[in-house]
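Line order of the protein sequences matches chains A and B.
Quick note on numbering: the first sequence equals residues 1 to 412 in our numbering.
Quick note on numbering: the second sequence equals residues 1 to 412 in our numbering.
Calculated from the structure, these hints are not laboratory results.
Please note that a few of the clues may not be correct.
A few chain B residues that don't get close to chain A, going by computed Cβ distances all over 12 Å [to be verified]:
(1) R82
(2) T123
(3) A165
(4) V171
(5) E239
(6) Q392
To be clear about the criterion: a stretch of chain A counts as covered by chain B if any three or more of its residues have a C-beta under 8 Å from a C-beta of chain B, and this derived list gives those stretches [claimed, not checked]:
(7) 285-294
(8) 315-326
These numbers come from a predicted model, not from an experiment.
Think of the CB as a built atom: it goes at the ideal place given N, C-alpha and C, for glycine as much as any other residue.
Number of protein chains: 2
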Amino acid sequence: MTDLIRSWVESANAKTTEFPLNNLPYGVFSQDGNSGRSCTAIGAKVLDLHGLEDAGLIDFGGALRAGDWSSFMSLGKREWDRLRTYLQEALAEGSDAERALAPHIISLADVQLLMPFTVSEFTDFYASRHHASNVGRILRGTNGEVPPNWLHIPIGYNGRASSIAVSGTDVRRPNGQLKPKDETMPRFGPSERFDFELEFGAIVGQPSSGLISVETAFENIFGYVLLNDWSARDVQAWEYQPLGPFQSKAAATTISPWIVTTAALEPFRVAATGRELPLLDYLQEGSPMLYDVELEVALAPPSGIDTVITRTNYKYMYYSSAQQLAHHTSSGCPMRVGDLLGSGTISGPEKTSRGCMMELTWNGQEPVELSSSESRGFIEDGDTVTIRGHAQGAGFRVGFGACSNRVLPAKG
Amino acid sequence: MTDLIRSWVESANAKTTEFPLNNLPYGVFSQDGNSGRSCTAIGAKVLDLHGLEDAGLIDFGGALRAGDWSSFMSLGKREWDRLRTYLQEALAEGSDAERALAPHIISLADVQLLMPFTVSEFTDFYASRHHASNVGRILRGTNGEVPPNWLHIPIGYNGRASSIAVSGTDVRRPNGQLKPKDETMPRFGPSERFDFELEFGAIVGQPSSGLISVETAFENIFGYVLLNDWSARDVQAWEYQPLGPFQSKAAATTISPWIVTTAALEPFRVAATGRELPLLDYLQEGSPMLYDVELEVALAPPSGIDTVITRTNYKYMYYSSAQQLAHHTSSGCPMRVGDLLGSGTISGPEKTSRGCMMELTWNGQEPVELSSSESRGFIEDGDTVTIRGHAQGAGFRVGFGACSNRVLPAKG
């Protein structure tokens with residue numbers, strides 16, 4: 001495990017910052033509502049990379065002045081590495097670049113963070129053994145076994161890209177068709193079982209048009225965001241057979257504002273555990289492909305006090321993003337820059353490490369208690385759901401920034 | 001039913017042309033591999049609308065010089081109507097625009113047709129009662145009943161936009177996970193049950209961010225294409241539970257090169273028949289919302305002789321594109337210009353009006369005979385599948401041009 005890399009930006013050397021020099025996540029900021037500018041986070045600051053390219057201090061052919069990270073991603077891994085190397089040198093303690101860079105540093109507290117990239121298409125997977133097992137029990141009355149294909153296929157479905165928004169965006173409770181089991185006809189109205197799903201989103205940074213091998217997949221994945229795949233459970237239960245979730249997941253998906261790069265997460269790779277059956281060749285991994293990233297979800301009622309309702313880890317997943325990308329391309333399906341792959345809900349083995357309300361409250365039957373002495377079966381109007389996550393190094397953290405969104409009442 | 005509108009382009013007045021002045025479909029052409037130019041089809045000719053705007057004969061703010069129809073679509077229905085009105089006057093028999101337009105007319109035989117618009121996202125529905133019933137029998141061993149939600153919900157799922165291609169593009173047979181019922185482990189290899197699906201594609205031409213009513217939906221739908229949702233049935237059978245089709249449908253979806261506008265199809269509206277249960281308010285139609293469009297699929301083996309293997313009609317659908325768009329937006333899901341909604345496989349009531357090989361051959365058990373005295377259970381390498389369709393007026397046709405694609409062997 002690497003140590004903290006010290007920076008001349010003093011706040012980047014704190015044990016608790018999510019943005020030490022080891023991290024260098026990529027985002028897009030705006031001041032006073034102006035258009036977005038590419039930046040990186042360093043301690044309590046952002047470094048305006050748009051400004052650096054404007055000033056001629058770095059040259060990526062204008063890709064850092066394009067408004068978001070999609071153009072830069074398309075340049076490929078060599079350029080990704082070149083920028084990271086430059087930043088790690090220029091921001092390092094003792095660097096002679098301090099004087100040149102200082103005018104381009106702004107306090108994180110003074111900026112608004114926007115969508116960091118343009119989402120081409122969104123795919124959501126179903127890759128936690130614990131989640132799949134719990135959902136089977138709850139929705140299909142199974143005894144906890146997973147579907148027969150689950151141990152062979154990184155099961156996924158196409159999601160909706162048009163409703164993806166960044167942390168801070170309010171989420172409107174969806175309307176939809178509801179049919180409680182004891183009624184004979186469905187009705188149309190606000191979802192009564194609105195849920196979050198704690199996920200990890202992998203961002204495809206290179207186009208492709210054939211099978212990507214698991215071993216080379218990380219060369220195509222630019223980085224990761226925290227992801228909340230908001231889900232209307234009552235709509236889902238009625239609509240999802242036989243072709244999968246549709247309107248139950250279409251109202252909103254929210255992501256954290258910082259793309260933590262594949263390079264920054266490299267020291268935190270861990271192997272999947274509990275492989276029950278051998279995988280087909282095209283899915284086999286030769287090295288650890290998950291990450292040890294601690295995750296938590298807090299729920300705040302309108303009164304505003306956060307209660308952490310689950311703590312889990314990305315390392316619990318059965319399939320990695322590399323395996324998901326390999327499977328996604330197995331048919332020859334072309335990938336494009338900006339494709340977003342959701343990991344699937346990340347549930348751990350404990351009751352307190354489940355990644356959505358449906359599992360935490362067993363479909364609303366066992367409400368979670370909030371510190372405000374309220375309780376919740378599902379998410380209520382005015383509630384704010386916040387996902388946080390970081391990899392823990394030796395005396396430093398590589399964090400994602402929060403993915404935090406408040407729920408508004410359904411449209412009448 | 002309107003009569004033929006005569007044009008000074010003589011070939012547009014023939015009873016058998018698909019492109020009389022009543023039609024005016026929109027496409028994109030290229031000559032000698034140059035970049036795409038927006039055009040309309042008139043008889044055996046194309047009219048170069050890019051050239052018309054270049055020459056100052058029409059002015060749509062450059063939208064006709066944008067390379068495809070997405071920019072023009074975003075202008076909205078008033079501008080859609082203004083272009084159609086202009087073209088119907090300028091191309092009409094006796095128009096004094098003939099001299100000015102003549103230099104911009106090119107023989108259809110001399111051009112290559114490209115993708116007519118930029119696909120934002122692709123959604124595929126499941127809206128033929130006959131198809132749903134047959135698929136239930138074949139894949140789930142039912143007695144022909146549809147799933148309980150089917151009579152209430154226009155069931156749909158998100159498809160993959162990156163693999164949509166225009167007629168004429170070769171389609172590569174996908175590899176995928178196959179698990180025949182009599183084997184215990186899946187294997188990875190070329191699909192052995194590769195199929196077409198005959199569909200109608202509705203193109204969303206306006207952005208939205210809330211529920212669209214069925215009655216106003218046609219103001220948001222720019223037009224229609226024929227669509228082939230290529231499907232690997234063996235991959236599909238193994239992967240699709242519980243989250244729906246994924247890699248089985250991701251290799252390719254192909255569309256006809258001409259967008260036949262909602263305005264051109266207006267005279268051919270017909271009401272859905274056989275509504276078994278009343279629909280919820282947000283799905284009820286006050287007027288006929290399907291179209292009487294005759295459809296056929298021909299299959300040609302490598303020897304090249306077409307055999308028509310099915311004849312059906314879009315009027316057999318249970319749900320219209322207007323109802324599908326209403327449902328798609330019911331959660332608040334934002335729509336964008338260029339969203340493509342596949343109707344779902346269009347199967348009629350007869351054995352000879354089924355819209356895919358799986359139904360026509362009952363999953364390969366009853367092969368269809370070709371005129372070459374070969375037979376087919378599914379599509380073989382080198383086969384070409386061609387979808388054709390037209391609405392029949394009084395002495396004229398409004399046609400789509402063919403959606404024709406050849407299948408290449410899977411990658412090794």
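Hints, verified against the model:
1. With a least CB separation of 28 Å from chain A, R82/B remains clear of the 12 Å interface cut-off, as annotated.
2. Interface exclusion of T123/B from chain A breaks down, the closest Cβ pair being 8 Å apart, not more than 12 Å.
3. Consistency note on A165/B: stated as away from chain A, yet its beta-carbon is not over 12 Å from all of that chain's, at 10 Å minimum.
4. With a least CB separation of 10 Å from chain A, V171/B falls inside the 12 Å interface cut-off, contrary to its annotation.
5. Against chain A, the non-interface label of E239/B is violated: not every CB pair exceeds 12 Å, the least being about 6 Å.
6. Interface exclusion of Q392/B from chain A stands, the closest Cβ pair being 33 Å apart, more than 12 Å.
7. Counting residues of the segment 285-294 of chain A whose beta carbon lies closer than 8 Å to any beta carbon of chain B gives 0, which falls short of the minimum of three for the stated coverage.
8. Counting residues of the segment 315-326 of chain A whose CB lies closer than 8 Å to any CB of chain B gives 0, which falls below the minimum of 3, so the coverage claim is violated.
Consistency note: the structure conflicts with the earlier hints numbered 2, 3, 4, 5, 7, 8.
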